[in-house]
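Trainee: Below, each chain spelled out in residue letters.
Number of protein chains: 2
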Amino acid sequence: MAQVQVAVLGYGTVGSGVVKVIDTNHDSILGKSGADLHVKYILDLREFPGDPNEQKVVHDYEVIVNDPEVQIVVETMGGVEPAFTFTKRALEAGKSVCTSNKELVANRGTELLALAKEHQASYMFEASCGGGIPIIRPLRTCLCADVIDEITGILNGTTNYILTKMIDEGLEFDEVLKDAQQKGYAERNPEADVEGYDACRKIAILSSLAYGQRVDYTDVYTEGISKISSADILYAKAMGRTIRLLAFSKKEGSQVTAMVAPHLVGKDDPLYAVNGVFNAIFVHGNMLGDAMFYGQGAGKEATASAVVADVIEEAQTLGKGVMSSWSPEKLPLTDISKTRKRYFVRVKGDAADAAKVADIFGGIETVQAGLAGEYGFLTQEMTEQDYQERAAKVEGILSMIRVREK
Amino acid sequence: MAQVQVAVLGYGTVGSGVVKVIDTNHDSILGKSGADLHVKYILDLREFPGDPNEQKVVHDYEVIVNDPEVQIVVETMGGVEPAFTFTKRALEAGKSVCTSNKELVANRGTELLALAKEHQASYMFEASCGGGIPIIRPLRTCLCADVIDEITGILNGTTNYILTKMIDEGLEFDEVLKDAQQKGYAERNPEADVEGYDACRKIAILSSLAYGQRVDYTDVYTEGISKISSADILYAKAMGRTIRLLAFSKKEGSQVTAMVAPHLVGKDDPLYAVNGVFNAIFVHGNMLGDAMFYGQGAGKEATASAVVADVIEEAQTLGKGVMSSWSPEKLPLTDISKTRKRYFVRVKGDAADAAKVADIFGGIETVQAGLAGEYGFLTQEMTEQDYQERAAKVEGILSMIRVREK
Numbered sequence: 001m002a003q004v005q006v007a008v009l010g011y012g013t014v015g016s017g018v019v020k021v022i023d024t025n026h027d028s029i030l031g032k033s034g035a036d037l038h039v040k041y042i043l044d045l046r047e048f049p050g051d052p053n054e055q056k057v058v059h060d061y062e063v064i065v066n067d068p069e070v071q072i073v074v075e076t077m078g079g080v081e082p083a084f085t086f087t088k089r090a091l092e093a094g095k096s097v098c099t100s101n102k103e104l105v106a107n108r109g110t111e112l113l114a115l116a117k118e119h120q121a122s123y124m125f126e127a128s129c130g131g132g133i134p135i136i137r138p139l140r141t142c143l144c145a146d147v148i149d150e151i152t153g154i155l156n157g158t159t160n161y162i163l164t165k166m167i168d169e170g171l172e173f174d175e176v177l178k179d180a181q182q183k184g185y186a187e188r189n190p191e192a193d194v195e196g197y198d199a200c201r202k203i204a205i206l207s208s209l210a211y212g213q214r215v216d217y218t219d220v221y222t223e224g225i226s227k228i229s230s231a232d233i234l235y236a237k238a239m240g241r242t243i244r245l246l247a248f249s250k251k252e253g254s255q256v257t258a259m260v261a262p263h264l265v266g267k268d269d270p271l272y273a274v275n276g277v278f279n280a281i282f283v284h285g286n287m288l289g290d291a292m293f294y295g296q297g298a299g300k301e302a303t304a305s306a307v308v309a310d311v312i313e314e315a316q317t318l319g320k321g322v323m324s325s326w327s328p329e330k331l332p333l334t335d336i337s338k339t340r341k342r343y344f345v346r347v348k349g350d351a352a353d354a355a356k357v358a359d360i361f362g363g364i365e366t367v368q369a370g371l372a373g374e375y376g377f378l379t380q381e382m383t384e385q386d387y388q389e390r391a392a393k394v395e396g397i398l399s400m401i402r403v404r405e406k
Numbered sequence: 001m002a003q004v005q006v007a008v009l010g011y012g013t014v015g016s017g018v019v020k021v022i023d024t025n026h027d028s029i030l031g032k033s034g035a036d037l038h039v040k041y042i043l044d045l046r047e048f049p050g051d052p053n054e055q056k057v058v059h060d061y062e063v064i065v066n067d068p069e070v071q072i073v074v075e076t077m078g079g080v081e082p083a084f085t086f087t088k089r090a091l092e093a094g095k096s097v098c099t100s101n102k103e104l105v106a107n108r109g110t111e112l113l114a115l116a117k118e119h120q121a122s123y124m125f126e127a128s129c130g131g132g133i134p135i136i137r138p139l140r141t142c143l144c145a146d147v148i149d150e151i152t153g154i155l156n157g158t159t160n161y162i163l164t165k166m167i168d169e170g171l172e173f174d175e176v177l178k179d180a181q182q183k184g185y186a187e188r189n190p191e192a193d194v195e196g197y198d199a200c201r202k203i204a205i206l207s208s209l210a211y212g213q214r215v216d217y218t219d220v221y222t223e224g225i226s227k228i229s230s231a232d233i234l235y236a237k238a239m240g241r242t243i244r245l246l247a248f249s250k251k252e253g254s255q256v257t258a259m260v261a262p263h264l265v266g267k268d269d270p271l272y273a274v275n276g277v278f279n280a281i282f283v284h285g286n287m288l289g290d291a292m293f294y295g296q297g298a299g300k301e302a303t304a305s306a307v308v309a310d311v312i313e314e315a316q317t318l319g320k321g322v323m324s325s326w327s328p329e330k331l332p333l334t335d336i337s338k339t340r341k342r343y344f345v346r347v348k349g350d351a352a353d354a355a356k357v358a359d360i361f362g363g364i365e366t367v368q369a370g371l372a373g374e375y376g377f378l379t380q381e382m383t384e385q386d387y388q389e390r391a392a393k394v395e396g397i398l399s400m401i402r403v404r405e406k
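Listed in order, the protein sequences are those of chains A and B.
Numbering follows my numbering, with no gaps: position 252 of the first sequence is 252.
Numbering follows my numbering, with no gaps: position 393 of the second sequence is 393.
No lab work stands behind these hints, which were simulated from the structure alone.
Certain hints may be false.
A pair counts as met if it fits within one copy or between any two copies, since identical chains are not told apart.
Within a straight-line C-alpha distance of at most 16 Å, the following computed EDC-like cross-link-like pairs (lysine to aspartate or glutamate) qualify [to be verified]:
#, residue 1, residue 2
1, K300, D290
2, K165, E150
3, K300, E329
4, K56, D67
5, K251, E187
6, K356, E374
7, K40, D67
8, K341, E252
9, K165, D268
10, K183, D290
11, K178, E405
12, K56, D216
13, K300, D386
14, K250, D386
15, K320, E92
16, K20, E54
17, K183, D359
18, K338, D359
19, K338, E118
20, K300, E384
21, K88, E111
22, K227, E381
23, K267, E92
24, K20, D350
These numbers come from a predicted model, not from an experiment.
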């Protein structure tokens, strides 16, 4: 195979990681895959004096898109624009594109995939979900013989780090968030992570791939972790469970539900032991049964490794494109009010008063965590709507967390 | 894509699973991959009166190998012969072959891969390691940008089931083995599983792929679980650890070591929570960092799902073959006497006598599990040779288990 010329858009954390992986592992990649990768251009507004790749930096995208030698474009700019326009123009010029940009994939992925197909090019985004964890390629290839009916993931490293630290050290959300911001594990504006928006985009992308039809992330019910308290965690521990921010989608018959919300997770669940900045994605197939993929959900080199795996596959399939797409019509999601699960509820008062609550809910399991003036209980399995109607009759509810059953 | 005609050799557990997956998920597979798979023949010595595929059963391999319509052969016979001869002839006829047969891959994989390449066909074996867990394809594609320097797996479901039951119920090895045999989780002749031979073949295959050079399974130091006792497990629990049969290989510089042996595994290790018949494979890449793949290591449909994923990729690459091979010269393994780790040792006597042992080992950590007339200790990190020399000076050693450090 001849040399393959690559252009990298954006020389930030992931972009510089991609250049590093291609440089460091060039010979190993060539030996294993036959792909002889070379970075020809790096697009960035800044100069990088003294950087070994200083000479490759250009400021004008026209140089890249008009150079017929460039066959693969790596978009690691983030955001929707100008990333969308740059990607679109590259694909129209027959160049394949790969990216770590979940925002762009979640918003415009459908049309970019169609455009890639039209021009016998590829649009790939392994690194957009779960950083370095191989999940999109396994869904497309390894699990290709299966009909997928569930994806459940811990898809955001920042929130998992915060929850793990709250659990391990008994701290409150605000304290841990500040610490995470100081350490660079959380952004100064942490909303996208802590309110679940980031996980929501990722589960929409994974669900679109798994079910073969576009899942609109704005349709996914999303709840973050900012209301989780150290008291909630005491109860979780009393039940031998932990709390994780789960993003999931499930298909039953033609009904698909999707949700991002904190859940209680039991010790027997493979998601229980996923701590700190690690991510994990659990998949259920009709033949495969349960499988789980675990790894670093972020991090410069891990994410870059996933991007370069895409570059390699694009290099191996130049002029053909990798078949990977979903149908553009929106997959209608079933309203979450119809989904069934158990709920853990904290309520003001004394466990001795629980008889009234048991009447309302038709049987509960009370839980004590040694906190004065309150108690907790687990409901039986019921729909969200049923839960909401019954909960409206109970006074003094302090918090509710859904239970993941395995 | 035109219809792709498939022949299945052996209509046992996995073979019938493959036919079931192709039948059940035919339309989903076609939609996702473009592969229109049809089973044309099933080779078996037996008749299957009343089976829906009765008409496809043939008893003579010549029918299959001489039929130019058959493009893909699925070998699910097991054993080295006649599987090797059938595979060789199929590849020579330009047909691609995939298999779940780890014995054949471990023994003759190198020459079958070379033969496949020579005839622009593929020889694939995803299901040979870890049943339904996607690992070989991820190693080849997703982790292609990485230099792999460690693979550690729980690669045998039978031994993991036995260990899990011993740990959960405080039973001895022999009792649990009998129970497992009655339930069909262990073979009547359980040696290949419980003495680690099965895991040994699998780690040799995975290591050959990861390091690009043939690892001979007969070179891999292998120890099974038949000597693990309920007393060992009490100490493991006292240390907050569990015992797992691990198969691993590590590359440091140009040195590669490989081993199958029981290990103590700590709570923070992602392998800790892998219970029962589940398997998991942990991989470390120089860029990716830690990743883990988890799922059902056996089971008819899970294994068949992995075989069919190979069939699909072979169908997509007919006439070209999937690039996947390793160099035929044997990779020399470093003698395990030079590898470094910590060791847990049980010894007769009283912990008060431990001072002598501490002198011999240069510092130990004693462990009590409430057992009369014995105690345990953890050594510092040292080579196996160093351990053996020091252990020879200690009287009354009852057992030794290696410690996996994360």
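Trainee: So, for every hint listed, does it hold in this structure?
Mentor: Okay, the hints, checked on the actual structure:
Taking identical chains as interchangeable, the C-alpha atoms of K300 and D290 lie at most 16 Å apart only when they sit on different chains, with a minimum of 14 Å there against 29 Å within one chain. For the homomeric pair K165 and E150, neither the shortest alpha-carbon distance inside one copy (28 Å) nor that between copies (28 Å) is at most 16 Å. Neither within a single protomer nor between protomers do K300 and E329 lie at most 16 Å apart by alpha-carbon distance, with minima of 35 Å and 36 Å respectively. For a Cα distance limit of 16 Å, the shortest separation of K56 from D67 inside one copy, 14 Å, qualifies, whereas the shortest one across copies, 55 Å, does not.
Taking the closest pair of Cα atoms, K251 and E187 never come within 16 Å of each other, the shortest separation being 34 Å inside a single copy and 37 Å across copies. Proximity of K356 to E374 under the C-alpha cut-off of 16 Å is restricted to the intra-copy arrangement: shortest distance 15 Å within a copy versus 55 Å between copies. In this assembly of identical chains, the alpha carbons of K40 and D67 lie at most 16 Å apart only when taken from the same copy (10 Å versus 49 Å across copies). Only within a single protomer do K341 and E252 lie at most 16 Å apart by alpha-carbon distance; the minimum there is 14 Å, versus 48 Å between protomers.
In the homo-oligomer, the alpha carbons of K165 and D268 lie at most 16 Å apart only across protomers (14 Å), although the nearest pairing inside one protomer, at 21 Å, exceeds that limit. In this assembly of identical chains, K183 and D290 lie within 16 Å of each other by CA distance neither inside one copy nor across copies; the values are 35 Å within and 21 Å between. When the C-alpha separation of K178 and E405 is checked against a cutoff of 16 Å, the pair qualifies neither within a copy, at 32 Å, nor between copies, at 31 Å. Taking CA atoms no more than 16 Å apart as the test, K56 paired with D216 passes in neither setting, with 38 Å inside one copy and 45 Å between copies.
Taking the closest pair of Cα atoms, K300 and D386 never come within 16 Å of each other, the shortest separation being 45 Å inside a single copy and 39 Å across copies. When the C-alpha separation of K250 and D386 is checked against a cutoff of 16 Å, the pair qualifies neither within a copy, at 20 Å, nor between copies, at 54 Å. For the homomeric pair K320 and E92, the shortest alpha-carbon distance inside one copy (14 Å) is at most 16 Å, but the shortest distance between copies (28 Å) is not. When the C-alpha separation of K20 and E54 is checked against a cutoff of 16 Å, the pair qualifies only within one copy, where the shortest distance is 13 Å, while the shortest distance between copies is 57 Å.
Taking the shortest alpha-carbon separations for K183 and D359, neither the intra-copy value of 48 Å nor the inter-copy value of 43 Å comes in at or below 16 Å. For a Cα distance limit of 16 Å, the shortest separation of K338 from D359 qualifies neither inside one copy, at 22 Å, nor across copies, at 67 Å. In this assembly of identical chains, K338 and E118 lie within 16 Å of each other by CA distance neither inside one copy nor across copies; the values are 39 Å within and 57 Å between. Taking the closest pair of Cα atoms, K300 and E384 never come within 16 Å of each other, the shortest separation being 39 Å inside a single copy and 36 Å across copies.
When the C-alpha separation of K88 and E111 is checked against a cutoff of 16 Å, the pair qualifies only within one copy, where the shortest distance is 9 Å, while the shortest distance between copies is 45 Å. For a Cα distance limit of 16 Å, the shortest separation of K227 from E381 qualifies neither inside one copy, at 23 Å, nor across copies, at 45 Å. Taking identical chains as interchangeable, the C-alpha atoms of K267 and E92 are never at most 16 Å apart, the minima being 50 Å within one chain and 51 Å between chains. Taking the closest pair of Cα atoms, K20 and D350 never come within 16 Å of each other, the shortest separation being 60 Å inside a single copy and 56 Å across copies.
Taken one by one, the earlier hints fail for this structure at numbers 2, 3, 5, 10, 11, 12, 13, 14, 17, 18, 19, 20, 22, 23 and 24, listed in ascending order.
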